[in-house]
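For the protein sequence lines, the chains are U and S, in the order given.
Count the first sequence with the numbering used here and you get residues 1321 to 1607, in order.
Count the second sequence with the numbering used here and you get residues -16 to 298, in order.
Rather than coming from a laboratory, the hints here were simulated on the basis of the structure.
Keep in mind that the hints are not guaranteed to be accurate.
[What the hints assert, rightly or not] Here chain U is said to cover these stretches of chain S; the calculated rule only asks that three of the stretch's residues, wherever they fall, bring their Cβ under 8 Å from a Cβ of chain U:
#	segment
1	48 to 59
2	71 to 85
[Unchecked claim] Here are the simulated lysine to any residue pairs, SDA-like style, with alpha carbons at most 25 Å apart:
#	chain 1	residue 1	chain 2	residue 2
3	S	LYS86	S	LEU102
4	U	LYS1326	S	ALA90
5	U	LYS1395	S	SER35
6	S	LYS233	S	LYS254
7	S	LYS86	S	MET70
8	U	LYS1330	S	LYS93
We treat Cβ as the ideally placed atom computed from N, Cα and C, and that holds for glycine.
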Amino acid sequence: MLAVFKRELKAYFASPTGYIFMGFFLLISGIFFALSNLLTASPNYLSVLSSITFVFLIVVPILTMRLMSEESRQKTDQLLLTSPLSVTGIVLGKYFAAVMVFLLTLLITCLYPIILSFFGTIAVWEIVGGYIGFFLLGAAFISIGLFISSLTDNQVIAAVVTFGALLFIWILDWIIGGIPTDRVSGIVFACALVVGVAALVYFTTRNIFVSAVIAVIGFGIVAGIYFANKYFFDGFIVRTLEWFSLLSRYETFMMGILSLSPIVYYITFSAVFLFLTVRVIEKRRWS
Amino acid sequence: MIQVIDVTKRYGQHVAVDHVNFTVEKGEILGFLGPNGAGKTTTMNIITGYISATEGTVKVDGFDILEEPEEVKKRIGYMPEFPPLYMDMTVQEYLDFVSDIKKIDRATKKKSMEKIMDLVKIGHVRNRLIKNLSKGYKQRVGLAQALIGTPPVLILDEPTVGLDPKQIIEIRSLIKELGKEHTIILSSHILPEVSAICGRVIIINKGRIVASDTPENLSKRLSGTGRLSLRVAGPEKQVLKLIREIEGVKNAEAQGVKEPGTVDILVEAEKDIDVRRPLFYALSRAEYPILYMRSVDLTLEEIFLQVTTEEREVS
Ligand SMILES: Nc1ncnc2c1ncn2[C@@H]1O[C@H](COP(=O)(O)OP(=O)(O)OP(=O)(O)O)[C@@H](O)[C@H]1O
Ligand SMILES: [Mg+2]
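So that you can see chain U by itself, here it is in the shape it has in the complex (with noise of 0.2 Å):
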C-alpha cells in the first residue's frame, strides 16, 4: 500500500495534475479570503470555508479521474493486479495520495487564518474544527472520484461522471426540498429500491433465481413495515436521500460546532466507496 501511496504522490507532481489542483485551489481560497476577510475587514474565516465548497465540483474530478481509469488503460493494473498486493492495499494506496495532495494544499491555505491572527483575535478552536469538516467533506467527495475512475477506462469519462456525481450531491439538499413526503409515494420508492436492487442482482451474476428471492424477499420486507408502522414511509424518499446530504452534515462544522456523528458519518461514507471501488476491480476480474 505503501509503496502505491508514494507512487501516486510522484506521480501527481511529476505532472501538471498535482500543480493544476492544488492552483486553482488555492487561487479560489485566496479570491474569497481577499473579498470576505481582508477587504472586509472580518475575522470570520469560518464563511470563507463554507463559501468555497463549491470548488470540489470543479477540482475533485482532476484530482480522481487518473487514479484507476488510467492503470487499466495503460494495462498497468496487470501488474498491480498480479503482484503480492490485495486489492485493498492498491485502492486504499491510491486514495490516500489523492487525499494527501488535498490536504496538503489545505495546510498552505491555514496561512489565511494565520495572516488573520495578525490583525486581531480569531476563534481558532472553532477554524480547527472547520478544517476538519471541511477535510472530511473533501475526503468523501474523493472517495466518490475514485470509484467513479474505477468503472471507466477513459480518463475524461471518469471525469465529466464524477462533476455530475458531485453536482448532484451538491443540489441534493435543494432537490429534497422538492420532494414529496407522502406516505405513497414512499411505499412506491421503497418498491422502486427493490427492483432496483433486484436488477442489480441479476445484471451482476445473471441468476434469474437469486434475484426473484431478492425481489419476493424485498416486497415482503416493505410489507412487513407497512404492517407494523405505517408512518414509516411517511417522507421515506426525504430520509433515504439525506444519507447522500454530504453538505448538510457540513453546516454543522460551519456553525463552530464539532460533533462526533458528522465525523463518523464522512469516515463511513469514504469507507463505503472504498469498499465498492474494491468490488468493481475485483470483480472485472471475474467477468
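Assemble chain S with the ligands onto chain U, guided by the hints.
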C-alpha cells in the same frame, strides 16, 4: 511446479479457453504456440491471477490461485503482452516501485536491481523516462520487471514481438539462460522460436490444446509429408512428367521461372518416403541437372491445419 487443472474461461457465450489441462515441471521451459485469439494470453492471465477462470483452477508450487493468491503471485514473474509500464517514471524509479510492491527486502533491493539491469542490458537508460524509450527497450524493461525478486516461475507473453532480429536473438538466449534457474512458460506465434528455446511445446487452437510434445517429436510428426522445392534446368513439361512418374511422389507443381532455361518445382512426397535420391537419379539420367533442392518448412498455418485435422482423425 505449475498445474493447470481443467481451466475454462467464458466471455458471455464465447469460450476463450476450453477445459485446458497441463502441468509444467520445475526447470522446464514450456512453449505456448497458437494463432491469434487461440487463448494464450487468457490462459496466462489466469495462471498469474490477473483474471479468474470460469471453471477449474491453477496451482503453483502446490498453492491454489483461488485459495492463496498471494503465495502464488509471490512465485510468479509476469511479462504481459503489453509491458505494464508507467510512462511518467524513469526506468530506475519503475524497477524500484516494482521491487516495493513485490515486497523485496530493502537490503537486497539495490543489488538485485543492478543485477537485473545488467542482465537485460538497460543499465545505460536507467535515468530515462520510460515514455521516451524505444519499443525494444520498453520490452526489456517489461522483462526486467518480471525478473525482480527472482521468482521461481516466469510467464512471458510473446517476449520477442516487435524486436529487431539482433534483439530477438539476444532475448532468446537470455530466456534460455534464465531457464536454468526458472520454470518458464512462454507464448509465441513463431514455431522456430519456440523449438529453439523450449523443451516442450503446447499447441493451442480455439481455446483447446491440440498437441503437446517436445519440439523434435512435433517436427518429426509434422514432417510426415516431405515437401521439396527444387530448381531444374530443363523444359517444364518433360521435367514435371518425369518427376510425377517417380514412386512416392504425391504431387508436383511448377512454381514459375525465376532463372532463364530453368523451372522451379514444388514436390510433395507420400508420408514417410524419401524421394530425394530417386529424384536425383531420374533427373540426371534425363540430363536435367538439379540446381538446388531443399525441403520446405511447414508454415504455422499448415501445422495448425495438420494438427487440428489429425486430432479429428484420432477422435
Ligand atoms: N475481455 C474480453 N472480453 C471478451 N472476449 C475476450 C476478452 N479477452 C479475450 N477475449 C477473447 O478470447 C479469445 C482468446 O484471446 P487471447 O487474447 O487469449 O488470444 P491469444 O492467443 O493471446 O491471441 P494473440 O496471439 O492475438 O495474442 C479471443 O477470441 C478474444 O477475442
Ligand atoms: Mg495474446
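Hints violated by the structure (numbers, ascending) = none
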